[in-house]
Amino acid sequence: MALLRWSKKYSVGVQAMDDQHIALVRILNQLHSAIMKGQAQSATGKLLLKLTDYAHTHFSSEEEMLAGAGFPGLGLQREQHRELFRQLDEYVARHQQGDQTMYLPLLFFVRDWLSTHMLKEDKEYGPWMNERGIR
Amino acid sequence: MTLLTWNHACGVGVRAMDDQHGILMDTMNELRLAVVCGRGREQVSELLDQLIEFTRMHYWSEEQLLEQSGFPGLAAHRAAHHCLLAQMLEAAHRVQYGEGVEMNPLLRRLRDAYMKHTEGLDQEYGPWLNERGVS
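In order, the protein sequences belong to chains D and W.
Using the working numbering, count along the first sequence one by one with no gaps and you end on 135.
Using the working numbering, count along the second sequence one by one with no gaps and you end on 135.
Please note that the accuracy of each hint is not assured.
What the hints assert, rightly or not - Partial chain W-side listing against chain D, Cβ under 7 Å, derived:
#1 A16
#2 I23
#3 S45
#4 M57
#5 S61
#6 E63
#7 Q64
#8 E99
#9 N104
To be verified - Computed spacing ranges between beta-carbons, pair by pair:
#10 A86(W) <-> A40(D): 26 to 32 Å
#11 N104(W) <-> D89(D): 39 to 45 Å
#12 D112(D) <-> N7(W): 18 to 24 Å
Simulated from the structure, these hints should not be mistaken for laboratory data.
Think of the CB as a built atom: it goes at the ideal place given N, C-alpha and C, for glycine as much as any other residue.
Isolated chain D (complex conformation) (with noise of 0.2 Å):
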């Protein structure tokens, strides 16, 4: 079973960013996936790279968006995606030094912060983008 499961209801109203929020819930779900199944530390420890890879991938193409449209929640969006990156750090330095009792609160964490993000902040500029033809 997936983690969480991308559905219409947390579209963004920007195809692009649908795309790539479905691109990391996929990615999120492989890790969950990997774990489920007692996979070795360096396979799920992969999987945990590209969850964060493309995490930095897809703020930085959002955030580049906002500024580019001037959408004035952008420092908001900002905070939130470091603060994700610095929970990120803690839990890669937890698996990194083989500690298995991280992969809970991670997963946990990762679905909550994820599926809340799309659903409040992030619906917030699909109006505003659309509004300047972007969609």
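Chain W: place on chain D using the hints.
Only chain W this time, still in chain D's reference frame:
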């Protein structure tokens, strides 16, 4: 049915396990909210599946810790986990396929079994792990 809240009796003396128990309580509260708000069978069923997955992950993580430290009560603990999971799977099956299932008593039984385990058997490994430097 009341909200599950953290109290002194839940603490097992190992931070990582306390964190995970907290996550399971949050997840159970999410499920409770869905039942109280009269959400449909599909949504309740999905949340219950999620709870089972998180529980599985938690048990795996806990058993790893107990195994690594050579905890003498591991076999009994594993058996108790197995029994609790079987109870949850049975409940999930009933929610998904059963007709006229009373959600409230079903959920209450699950919560009672969970709390009894955390406040009972889980209390036994704290000192053992603490003595071996896991706190």
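These are the hints, each one checked on the structure:
{"no.": "1", "hint": "A16", "result": "holds (4 Å)"}
{"no.": "2", "hint": "I23", "result": "holds (5 Å)"}
{"no.": "3", "hint": "S45", "result": "violated (11 Å)"}
{"no.": "4", "hint": "M57", "result": "holds (5 Å)"}
{"no.": "5", "hint": "S61", "result": "holds (5 Å)"}
{"no.": "6", "hint": "E63", "result": "violated (11 Å)"}
{"no.": "7", "hint": "Q64", "result": "holds (6 Å)"}
{"no.": "8", "hint": "E99", "result": "violated (23 Å)"}
{"no.": "9", "hint": "N104", "result": "violated (24 Å)"}
{"no.": "10", "hint": "A86(W) <-> A40(D): 26 to 32 Å", "result": "holds (28 Å)"}
{"no.": "11", "hint": "N104(W) <-> D89(D): 39 to 45 Å", "result": "holds (42 Å)"}
{"no.": "12", "hint": "D112(D) <-> N7(W): 18 to 24 Å", "result": "holds (23 Å)"}
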